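Asks: With these hints in hand, go ahead and build the complete structure from the sequences.
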Amino acid sequence: MNKLRLRVQILFTILTNGYVYGFLKGKIYQGPLKYTCVPGLNCYSCPGAAFSCPIGALQALLNREGFHVPFAALGFFFLFGSLLGRFVCGWLCPFGLVQDLLHKIPLFRKLKRLPLHHILKFGKYAVLFFLVFIGSVFLFGGFAKIPAFCKYLCPSGTLFGALPLLTANPLLRSQAGGLFGWKLGILVLILFLSIIVYRPFCQYLCPLGAIYGLFNRFSLLQIHWDEDLCTSCAACENACPLSLTVQEISRSPECIRCGKCVKACPVSCLHFTAKSNGYSTKHQTCVPPGTNTV
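Residue numbering for the sequence shown follows this note's numbering, starting at 1274 and increasing by one per position.
Calculated directly from the structure, the hints in this document are not laboratory data. Computed from a predicted structure; not experimentally measured. Take these hints with a grain of salt, some might be off.
As the list claims (entries may be wrong) - Now the in silico label distances, taken between C-beta atoms and shown as ranges: (1) Gly1451 to Lys1300: 21 to 27 Å; (2) Leu1374 to Phe1453: 23 to 29 Å; (3) Ser1355 to Leu1387: 26 to 32 Å; (4) Gly1348 to Ala1441: 32 to 38 Å; (5) Lys1300 to Ile1407: 46 to 52 Å; (6) Leu1462 to Ile1407: 19 to 25 Å; (7) Pro1379 to Phe1453: 30 to 36 Å; (8) Asp1501 to Tyr1302: 49 to 55 Å; (9) Phe1465 to Ile1283: 31 to 37 Å.
To be verified - Using 30 Å as the maximum straight-line C-alpha spacing, the simulated DSSO-like pairs for lysine-lysine come out as follows: (10) Lys1298 to Lys1424; (11) Lys1394 to Lys1276; (12) Lys1548 to Lys1533; (13) Lys1394 to Lys1424; (14) Lys1533 to Lys1298; (15) Lys1383 to Lys1300; (16) Lys1383 to Lys1548; (17) Lys1548 to Lys1394; (18) Lys1276 to Lys1300; (19) Lys1276 to Lys1383; (20) Lys1276 to Lys1536; (21) Lys1536 to Lys1377; (22) Lys1533 to Lys1385; (23) Lys1394 to Lys1533; (24) Lys1298 to Lys1548; (25) Lys1385 to Lys1424; (26) Lys1276 to Lys1424; (27) Lys1307 to Lys1424; (28) Lys1385 to Lys1548; (29) Lys1276 to Lys1385; (30) Lys1533 to Lys1377; (31) Lys1533 to Lys1307; (32) Lys1548 to Lys1536; (33) Lys1394 to Lys1383; (34) Lys1533 to Lys1383; (35) Lys1394 to Lys1536.
All residues carry an ideal CB built from backbone N, CA and C; glycine is no exception.
Replies: What follows is the structure in structure tokens.
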């Protein structure tokens, strides 16, 4: 499962950010594919990006003069959210891959959560509301509408967009100022935290994860828990990089459906399924069929 997920992550990153000419020349691809979004964070300004980011597209639609309901972006989120939920975060996001790889570095004591996680986890909803929605609809930055999340926070845009462009373009380097320094500082902090804490950006700041998490309980793709087979060994909970209980797996807005719980289960009572067959809210000790009991 882990190897399969890593291969999918790498392949999807190459497919969505494989415009080699852009990296070589320091230019942004602006062809017809850029009118199409991919489900994960994929910065429009990345010189290798052949597609657009859904959060960036949402902000662009909200930035239009007057207020218009962004039906195209909302429909996109509904489609992928209702089909996959946060499976997108676990398998199809390039910046998620970066955090996964950094967390494998054998330095420091690894943490699954930051202190005050029960409060900090709502940070991604605050970013979604204040930077993506409010920052795009109302006035910021000298009375001009701006994509506030992309401009002031997004570490994926800094890593995949700003740094490659500045590296290849001396003129842009000469124009980099305090805003770039601010975003670079955010990127460095998140990358450092990723070595210690599992996916800190995904857990605490990502507005895209906040949106997809709202669909986790209802999406077509689920990780089904067969309680009748469960032996309450807690192997899945120990394997979960986000410290979710077996009842929370797949249904919690925090679950990225990485599949580590499925791999860890010794009796295969957890498995990916195309539909939810119903989850019991009561976790009781069960034994596999055919096991003799006294």
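Asks: Indicate, hint by hint, whether the structure satisfies it.
Replies: Hints and how they fare:
1. For the pair Gly1451 and Lys1300, the supplied restraint of 21 to 27 Å holds, since their beta-carbon distance comes to about 25 Å.
2. Remark: the range hint 23 to 29 Å for Leu1374 to Phe1453 is upheld by a beta-carbon distance near 24 Å.
3. Checked against the given bound of 26 to 32 Å, the beta carbons of Ser1355 and Leu1387, roughly 30 Å apart, stay inside it.
4. Between Gly1348 and Ala1441 the beta carbons are some 35 Å apart, a value that agrees with the proposed interval 32 to 38 Å.
5. Separation of Lys1300 from Ile1407 is about 33 Å and departs from the stated range, judged on CB atoms against 46 to 52 Å.
6. Between Leu1462 and Ile1407 the C-beta distance comes to about 24 Å, which sits within the given range of 19 to 25 Å.
7. Look at Pro1379 against Phe1453: about 32 Å separates their beta carbons, and that is inside 30 to 36 Å.
8. Remark: the range hint 49 to 55 Å for Asp1501 to Tyr1302 is upheld by a beta-carbon distance near 52 Å.
9. For the pair Phe1465 and Ile1283, the supplied restraint of 31 to 37 Å is violated, since their beta-carbon distance comes to about 23 Å.
10. Of the supplied pair hints, the one linking Lys1298 and Lys1424 holds, its CA atoms being roughly 23 Å apart against a limit of 30 Å.
11. Taken as a hint, the Lys1394 and Lys1276 pair is honoured in the structure, with Cα atoms around 28 Å apart against an allowance of 30 Å.
12. In summary, the hint linking Lys1548 to Lys1533 is supported, as the alpha carbons are separated by about 19 Å, within the 30 Å threshold.
13. At most 30 Å may separate the alpha-carbon atoms for a hinted pair to count; Lys1394 and Lys1424 meet this at roughly 22 Å.
14. Taking the CA atoms of Lys1533 and Lys1298, the gap is near 40 Å; set against the 30 Å cutoff, the hint is violated.
15. Between Lys1383 and Lys1300 the CA atoms are separated by roughly 38 Å; this puts the pair beyond 30 Å, and the hint is violated.
16. Proximity of Lys1383 to Lys1548 is assessed by CA-CA distance (about 34 Å); at most 30 Å being required, the pair is judged violated.
17. At roughly 27 Å between alpha-carbon atoms, Lys1548 and Lys1394 fall within 30 Å of each other, so this suggested pair holds.
18. This hinted pair does not check out: Lys1276 and Lys1300 have alpha carbons roughly 33 Å apart, beyond 30 Å.
19. With a C-alpha separation of about 21 Å, the suggested pairing of Lys1276 with Lys1383 holds against the 30 Å cut-off.
20. With a C-alpha separation of about 11 Å, the suggested pair Lys1276 and Lys1536 falls inside the 30 Å cut-off, and the hint holds.
21. Taking the CA atoms of Lys1536 and Lys1377, the gap is near 18 Å; set against the 30 Å cutoff, the hint holds.
22. Using a Cα cut-off of 30 Å, the hinted pair Lys1533 and Lys1385 holds, with the two alpha carbons roughly 14 Å apart.
23. Annotation: proposed proximity of Lys1394 to Lys1533 holds, straight-line Cα distance about 21 Å (limit 30 Å).
24. For a cut-off of 30 Å, the pair hint linking Lys1298 to Lys1548 is broken: about 46 Å separates their Cα positions.
25. Annotation: proposed proximity of Lys1385 to Lys1424 holds, straight-line Cα distance about 29 Å (limit 30 Å).
26. In summary, the hint linking Lys1276 to Lys1424 is not supported, as the alpha carbons are separated by about 35 Å, beyond the 30 Å threshold.
27. In summary, the hint linking Lys1307 to Lys1424 is supported, as the alpha carbons are separated by about 19 Å, within the 30 Å threshold.
28. A hinted pair counts as satisfied when its Cα atoms are at most 30 Å apart, and Lys1385 with Lys1548 qualifies at roughly 28 Å.
29. Straight-line distance between C-alpha atoms of Lys1276 and Lys1385 comes to about 21 Å, which keeps the hinted pair within the 30 Å bound.
30. A distance of roughly 15 Å separates the Cα atoms of Lys1533 and Lys1377; the hinted pair therefore holds under the 30 Å criterion.
31. At most 30 Å may separate the alpha-carbon atoms for a hinted pair to count; Lys1533 and Lys1307 exceed this at roughly 34 Å.
32. At most 30 Å may separate the alpha-carbon atoms for a hinted pair to count; Lys1548 and Lys1536 meet this at roughly 19 Å.
33. Of the pairs offered as hints, the one joining Lys1394 and Lys1383 holds, with about 18 Å between alpha carbons and a cut-off of 30 Å not exceeded.
34. Annotation: proposed proximity of Lys1533 to Lys1383 holds, straight-line Cα distance about 16 Å (limit 30 Å).
35. As the CA atoms of Lys1394 and Lys1536 are separated by approximately 26 Å, the hinted pair is consistent with the 30 Å bound.
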